[in-house]
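A.B. asks: My request is simple: use the sequences and hints to build the entire structure.
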Amino acid sequence: MLGILIKKQLLEVFRSYFYDAKKNRMRSRWAIAGWFLFFFAVMVVFLGGMFTVLAMSFCGAMTPLGLGWLYFVLMVGIAIALGAFGSVFNTYAGLYLGKDNDLLLSLPIPVRTIIAARLVNVYLLGAMYSATVLIPTLIVYWVVAGVTAARVICGVLLFLVATVFVLLLSCVLGWVVAKISLRLKNKSFMTVLLSLAFIGAYYFFYFRANDLVRQIVRNAEIYGEKIKGAACWLFLFGRIGEGDWFAAALFTAVTAALCALVWFAMSRSFLKIATASGSTEKVRYSEKPVRERSLFGALLAKEFARFGSSANYMLNCGFGVLLLPIVGIMLLFKGREACELIGTLLASRPESAAVLLCGGLIMLASMNDMAAPSISLEGKSIWIPQSLPVEARQVLRAKTAVQLLLTALPMLFASGCAAAVIDASPAGKLLLLLTPVAYSFFSAHAGTAIGLRMPLLNWTNELAPIKQSGAVGIALLGGWAVSGVHIAVYMLIGYRIGAAGYMGVWTLLFVLGSFALRRWLDTKGAALFAEL
Amino acid sequence: MLNIEHLTKRYGEKTAVDDLSLHIAPGEIYGFIGHNGAGKTTTLKSVVGILQFNEGRITVNGRSIRDEPVRCKREMAYIPDNPDLYEFMSGIKYLNFIGDIYAIPADERQERIRKYADLFELTGDLAQPISAYSHGMKQKLAVIAAWMHAPKLIIMDEPFVGLDPKAAHLLKEMMREHCDRGGAIFFSTHVLEVAEKLCDKVAIIKQGKLIKAGTMEEVKGDDSLEEVFLELEAE
Numbered sequence: 001m002l003g004i005l006i007k008k009q010l011l012e013v014f015r016s017y018f019y020d021a022k023k024n025r026m027r028s029r030w031a032i033a034g035w036f037l038f039f040f041a042v043m044v045v046f047l048g049g050m051f052t053v054l055a056m057s058f059c060g061a062m063t064p065l066g067l068g069w070l071y072f073v074l075m076v077g078i079a080i081a082l083g084a085f086g087s088v089f090n091t092y093a094g095l096y097l098g099k100d101n102d103l104l105l106s107l108p109i110p111v112r113t114i115i116a117a118r119l120v121n122v123y124l125l126g127a128m129y130s131a132t133v134l135i136p137t138l139i140v141y142w143v144v145a146g147v148t149a150a151r152v153i154c155g156v157l158l159f160l161v162a163t164v165f166v167l168l169l170s171c172v173l174g175w176v177v178a179k180i181s182l183r184l185k186n187k188s189f190m191t192v193l194l195s196l197a198f199i200g201a202y203y204f205f206y207f208r209a210n211d212l213v214r215q216i217v218r219n220a221e222i223y224g225e226k227i228k229g230a231a232c233w234l235f236l237f238g239r240i241g242e243g244d245w246f247a248a249a250l251f252t253a254v255t256a257a258l259c260a261l262v263w264f265a266m267s268r269s270f271l272k273i274a275t276a277s278g279s280t281e282k283v284r285y286s287e288k289p290v291r292e293r294s295l296f297g298a299l300l301a302k303e304f305a306r307f308g309s310s311a312n313y314m315l316n317c318g319f320g321v322l323l324l325p326i327v328g329i330m331l332l333f334k335g336r337e338a339c340e341l342i343g344t345l346l347a348s349r350p351e352s353a354a355v356l357l358c359g360g361l362i363m364l365a366s367m368n369d370m371a372a373p374s375i376s377l378e379g380k381s382i383w384i385p386q387s388l389p390v391e392a393r394q395v396l397r398a399k400t401a402v403q404l405l406l407t408a409l410p411m412l413f414a415s416g417c418a419a420a421v422i423d424a425s426p427a428g429k430l431l432l433l434l435t436p437v438a439y440s441f442f443s444a445h446a447g448t449a450i451g452l453r454m455p456l457l458n459w460t461n462e463l464a465p466i467k468q469s470g471a472v473g474i475a476l477l478g479g480w481a482v483s484g485v486h487i488a489v490y491m492l493i494g495y496r497i498g499a500a501g502y503m504g505v506w507t508l509l510f511v512l513g514s515f516a517l518r519r520w521l522d523t524k525g526a527a528l529f530a531e532l
Numbered sequence: 001m002l003n004i005e006h007l008t009k010r011y012g013e014k015t016a017v018d019d020l021s022l023h024i025a026p027g028e029i030y031g032f033i034g035h036n037g038a039g040k041t042t043t044l045k046s047v048v049g050i051l052q053f054n055e056g057r058i059t060v061n062g063r064s065i066r067d068e069p070v071r072c073k074r075e076m077a078y079i080p081d082n083p084d085l086y087e088f089m090s091g092i093k094y095l096n097f098i099g100d101i102y103a104i105p106a107d108e109r110q111e112r113i114r115k116y117a118d119l120f121e122l123t124g125d126l127a128q129p130i131s132a133y134s135h136g137m138k139q140k141l142a143v144i145a146a147w148m149h150a151p152k153l154i155i156m157d158e159p160f161v162g163l164d165p166k167a168a169h170l171l172k173e174m175m176r177e178h179c180d181r182g183g184a185i186f187f188s189t190h191v192l193e194v195a196e197k198l199c200d201k202v203a204i205i206k207q208g209k210l211i212k213a214g215t216m217e218e219v220k221g222d223d224s225l226e227e228v229f230l231e232l233e234a235e
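Protein sequences, first through last, are from chains A and B.
If you're matching positions, the first sequence starts at 1 in our numbering and goes up one per residue.
If you're matching positions, the second sequence starts at 1 in our numbering and goes up one per residue.
Among the hints, erroneous ones may be present.
Each computed DSS-like pair below joins lysine-lysine, with the alpha-carbon atoms no more than 27 Å apart [said to hold, decoys possible]:
# : chain 1 : residue 1 : chain 2 : residue 2
1 : B       : K14       : A       : K380
2 : B       : K115      : B       : K206
3 : A       : K288      : B       : K93
These are computed hints drawn from the structure, not numbers from a lab.
C.D. replies: Below, the structure is given as structure tokens:
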């Protein structure tokens with residue numbers, strides 16, 4: 001039974017790899033293999049490669065000094081942070097908010113089996129992120145220090161202890177979010193607020209930790225002794241990776257005990273949380289004057305209501321709304337200094353600061369991809385826009401407009417700040433202001449078009465279209481790729497026409513691309529929407 | 001009011017609706033019956049413009065749903081078999097959304113919402129999010145949303161499922177009143193007793209093909225609708 005439930009959940013997570021929604025049939029074996037290869041490449045080559053380089057620099061510096069344990073403490077710390085951060089926003093929804101709760105609870109399946117299946121799902125997602133750090137960490141250590149049976153077995157135990165610890169952290173956080181969420185009226189906004197506070201704290205400590213790690217690596221022996229004395233449990237923890245049987249047994253036992261505790265707490269509260277309708281007071285309806293809206297206004301208001309109703313949607317697809325103004329303010333304070341530094345470092349590429357700033361702003365704008373899952377989020381309610389007297393193109397325009405407004409307006413502020421601090425000609429300043437705004441137009445239209453080409457309407461958890469769909473992945477990574485290409489081409493050949501001319505070309509491309517996409521959405525896109 | 005001529009809808013190799021023709025006149029309540037998977041929902045969804053069909057022609061008051069979908073939809077309302085409404089909205093927000101789409105003036109809108117919500121005893125719950133509604137409450141909200149813009153033609157797929165007896169009775173009365181005022185209703189149902197008592201005309205569909213259609217008397221004669229239906233199904 002457990003196997004069937006896990007298989008069902010994994011199929012849902014990787015549904016788009018197996019099933020072609022457009023053709024309404026299973027993909028061929030080759031296509032499935034291709035999608036998994038792509039996933040493997042992103043996880044192993046990109047993330048794994050990045051952490052392999054980090055592991056090599058740490059391990060090479062610490063292991064010869066007998067500080068292998070410190071190397072493991074640092075690397076496993078990163079793995080736990082990455083795993084917990086990767087799954088923290090999904091845990092509450094993943095554990096408790098499945099749309100198939102009622103169905104599963106009505107079937108002759110023990111509740112503990114449902115909990116176990118959900119936990120395995122959370123574990124696998126967290127472990128997936130952690131593994132991109134842990135596997136290179138272990139392999140690099142085995143290469144540098146040599147392979148022994150103790151190191152391999154204890155290394156495997158370290159992997160299990162770290163990944164299970166990520167699961168436990170996620171569960172505790174998921175439970176806290178569930179408890180708070182059931183008592184709140186504006187759940188989604190409060191969840192966003194709490195999550196942002198968490199992210200703020202995370203980055204605060206992350207940047208502090210970066211300095212700390214650098215200092216530790218530089219003075220490894222001194223800090224090693226200090227940690228060994230003051231926090232000997234950290235020393236013991238790191239010793240697992242070095243092949244210390246006692247440390248491995250101790251931490252495995254502690255993790256198992258914590259696991260049992262969390263399991264006990266979850267089995268007692270799962271049913272109550274999963275079936276709760278919330279204990280907030282019932283709002284009585286009282287008639288108020290109606291504000292009439294135009295047809296497009298109604299569609300736009302509906303799209304904004306959808307966006308504001310889901311913490312998952314806001315956090316995963318609207319991070320740029322917050323980041324862009326923050327970066328704008330930071331630029332006002334530190335921008336001039338940064339531009340001067342870039343100018344000095346890249347003296348052979350004149351005016352590169354403007355192009356780098358522009359590329360950076362494009363990358364930040366890519367964090368907003370609310371248009372990409374918007375069509376999929378219609379889900380089973382797709383019959384509403386299809387049966388109402390509205391043209392499909394108006395529906396699509398409303399979806400595009402949400403991303404456009406939520407990106408172009410903060411972008412105008414951020415690029416305005418960038419233009420204010422950059423030392424460039426008036427044309428250069430103007431284009432630094434306009435190019436990222438033009439990109440906002442382009443990305444909003446592109447997001448809607450991608451979402452339309454890759455719809456995912458039969459989901460049981462909204463995380464599937466928001467976080468796990470191909471459309472969102474392509475929109476996000478595509479935006480980063482545009483940013484990368486924008487900078488790379490300037491460094492290679494673009495500098496020859498100057499920053500203003502170069503950004504002018506990109507602005508033109510974005511504007512033309514937006515028009516082309518708008519035309520496609522109004523014609524073929526609208527026809528596609530009608531056929532969904 | 002509604003003309004369906006030679007409607008054919010295929011899903012890949014499978015023909016879900018095969019050369020189906022029906023005419024629904026103003027003032028008629030037209031029942032549509034058939035076993036599960038016979039093609040009822042596909043036909044209804046094609047009529048309201050949700051599904052694109054392969055062959056045939058559907059017109060609402062002389063206008064083709066294919067050529068003038070928005071104008072046709074303005075004169076229609078649709079209630080699906082499963083009321084999957086916007087769960088992120090409250091009941092009143094959903095009704096106001098529908099009001100905005102159909103450009104119903106504010107005072108008229110409020111009056112209709114008040115009238116129908118009171119009738120279905122839903123007024124007190126209108127400020128609640130739809131996600132907190134039961135299936136029956138969602139169905140009531142879908143009915144209110146359909147009636148509030150005074151459509152000429154109402155298309156309903158299993159409208160009585162989930163409604164309590166009082167609401168079901170009320171809906172039947174509203175259907176009759178709507179048709180007495182010159183409107184028309186085309187709806188599918190598995191409840192043959194309801195169809196027999198309520199409908200002016202009835203059509204029976206089997207494996208995508210229309211096997212019998214006409215006035216209730218023409219279809220059932222002296223037998224009950226259930227007997228006729230089971231007999232036709234067995235053939």
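A.B. asks: Does each hint fit the structure? Answer for all of them.
C.D. replies: Hint-by-hint comparison with the structure:
1. B:K14 to A:K380: 23 Å, holds
2. B:K115 to B:K206: This hinted pair is violated, its Cα atoms lying about 39 Å apart.
3. A:K288 to B:K93: 12 Å, holds
Taken one by one, the earlier hints fail for this structure only at number 2.
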